[in-house]
Amino acid sequence: MSKTIPRSAAIALRVVQVASATIVAGIVGYFLNALQGGGDAWPIGRWIYVQVVAGLSIVLGCVLIIPNLHGCFVWPVDIIISLAWFAGFGNLINDLDGILCGQINSIGSVSGTNAICSQWKAGESFAFISAMVWLVTGFWGLFYVWRADQQRLGYWTGRYDV
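Its first residue numbered 1, the sequence shown is counted upward by one per residue in full-length UniProt numbering.
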């Protein structure tokens, strides 16, 4: 029973990783498609970075959802992907610099700007959720490696007591 709860929780976390990466890829892909080459190259490069991180997260999340595939040594990959997501989240936050989203003068209007702001904020939110879930799975894997190491240390030191 104790093995099934962490395994089902790990599968649920991987599903959340894949789902949030898919949502971010869809939102950022929509904005990349809407731009269609017109505009500054710097935001496009940032958005492509977020798309690459989202695609990598989708692939890795689908591969790592298989419980017996990887063992205990995937936690560095989880933490690296989490750091990449935090950088992507920072890129998405920085892109709203200068746009009035959520300000008092944009509450009453039903223009396309509010729709764009709400879509963009949803992308930011799911990027942060993905970063946090990858970080949780990374620390969870690190905890399991530490626990296995502690159990092994007790075995070797206790075996040769005379």
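Hints are computed from structural coordinates only; laboratory data are not their basis.
Note that the structure is a prediction, hence the values are computed from the model and not measured.
Keep in mind that the hints are not guaranteed to be accurate.
[Unchecked claim] Pair by pair, the computed Cβ-Cβ distance ranges are: (1) GLN36 to LEU142: 39 to 49 Å; (2) ILE48 to ALA122: 14 to 24 Å; (3) PRO43 to ILE66: 16 to 26 Å.
Ideal placement from N, C-alpha and C gives every residue a C-beta, glycine not left out.
Hint check for ILE66 and PRO43 - Cβ pair distance inside 16 to 26 Å:
Between PRO43 and ILE66, where Cβ atoms are some 36 Å apart, the hint is violated.
Assessment of proposed distance window 39 to 49 Å (beta carbons of GLN36, LEU142):
At 43 Å between Cβs, range holds.
For the range 14 to 24 Å, tell me whether the beta carbons of ILE48 and ALA122 fit it or not.
This hint holds: roughly 19 Å between Cβ atoms.
In summary, the structure is inconsistent with hint 3 from the numbered list given earlier, while agreeing with all the others.
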